[in-house]
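Going from the sequence shown to the numbering used here is simple: count from 1 and add 8.
Source of the hints: derived by calculation from the structure; they are not laboratory data.
Idealized CB from N, CA, C, for every residue including glycine.
Treat each hint with caution, since some may be false.
Claimed, not checked - FRET-style restraints, in silico, Cβ to Cβ: (1) K140 with A56: 43 to 53 Å; (2) N200 with K140: 39 to 49 Å; (3) A29 with N138: 36 to 46 Å; (4) L241 with E10: 43 to 53 Å; (5) R198 with R35: 46 to 56 Å; (6) Q216 with A238: 30 to 40 Å; (7) E53 with F193: 29 to 39 Å; (8) W272 with E53: 34 to 44 Å.
Said to hold, decoys possible - Straight line, CA to CA, 27 Å or less: simulated BS3-like cross-link-like pairs of lysine-lysine: (9) K140 with K74; (10) K140 with K190; (11) K282 with K190.
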Amino acid sequence: MERIPVSVIVMTRDEAANIVACLDSVRDFAERVVVDSASGDGTAELAAAAGARVVPFHWNGRYPKKKQWCLDTLTLAHDWVLYLDADERMTPELTAEIAALMTAGPRHAGYYISGRMRFIGRRLRFGARNHKLALLDRRHARYPDCPDLDVAAMWEVEGHYQPRLGGSAGRLQAPLLHEDAKPLFAWLERHNRYSDWEATLRNDGRLQAMAEGESRWRRLLKRLLDRAPARPLLVFLHSYLWRLGVLDGRAGFHYALARAFYYWQIGLKLGELKAGRGGVERSPRHGPRL
């Protein structure tokens, strides 16, 4: 079978638990590149043994961060790029959908892919969904320089924001699976860092400025949620009841609770920042750049 003319990029740091399964799920793609940040657990060696090209990455503490660095620096065989995290797995349906898209000829500059995750041992069918712009024409995509270098917890990879496209965006139908083999601690620790980032950028308006590129409807929803009282409770009810996470059983309940805890962390840290008591770790090298 002719391989799919897309370059898959997987960014890693200490992902030995996940990298082989991730790369196995994209064997039908023409190019697989692992961009590794000095892993100490054998990630690079495992990736090379699985047939991927391994490229070392050393962040200089400035822009571009890792995703844009890949677009700027890597010599790739194809213009279409698929970004995967090491704990993500392609489904056969998604692989077939991308293959058909490349054969027919893409109509957009990038495509959103919906994620489905496994949480505490169970794949969630209802209460957990995310959408990210992961399939890109690199000639028409760029990650913005978000002014977040002062947030030490976010380090080398772009935060929770999408690339900007020089064209329209489409949406693929088949899901991408999130199958993290690391212990629950890793998920909680990662979201603790994310809450530092979001609280800091909310505190001085930087997050709101970043949202100006989104649709009017999404901006309105975010403003309403930001101003709503008992935001963590609303997030829990949205995931557990509105999104039918209750049908995911015990895992659905705990995932909804974890989402609520994430927004509780943001609110608590934001309150500390507004009171002038810090609240998050700040990088000594950088101050806020507005």
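Verification of the hints:
{"no.": "1", "hint": "K140 with A56: 43 to 53 Å", "in the structure": "violated, 27 Å"}
{"no.": "2", "hint": "N200 with K140: 39 to 49 Å", "in the structure": "violated, 21 Å"}
{"no.": "3", "hint": "A29 with N138: 36 to 46 Å", "in the structure": "violated, 20 Å"}
{"no.": "4", "hint": "L241 with E10: 43 to 53 Å", "in the structure": "holds, 52 Å"}
{"no.": "5", "hint": "R198 with R35: 46 to 56 Å", "in the structure": "violated, 27 Å"}
{"no.": "6", "hint": "Q216 with A238: 30 to 40 Å", "in the structure": "violated, 21 Å"}
{"no.": "7", "hint": "E53 with F193: 29 to 39 Å", "in the structure": "violated, 24 Å"}
{"no.": "8", "hint": "W272 with E53: 34 to 44 Å", "in the structure": "holds, 40 Å"}
{"no.": "9", "hint": "K140 with K74", "in the structure": "holds, 17 Å"}
{"no.": "10", "hint": "K140 with K190", "in the structure": "holds, 22 Å"}
{"no.": "11", "hint": "K282 with K190", "in the structure": "violated, 35 Å"}
Violated hints, listed in ascending order, are 1, 2, 3, 5, 6, 7, 11; each of the other numbered hints is respected by the structure.
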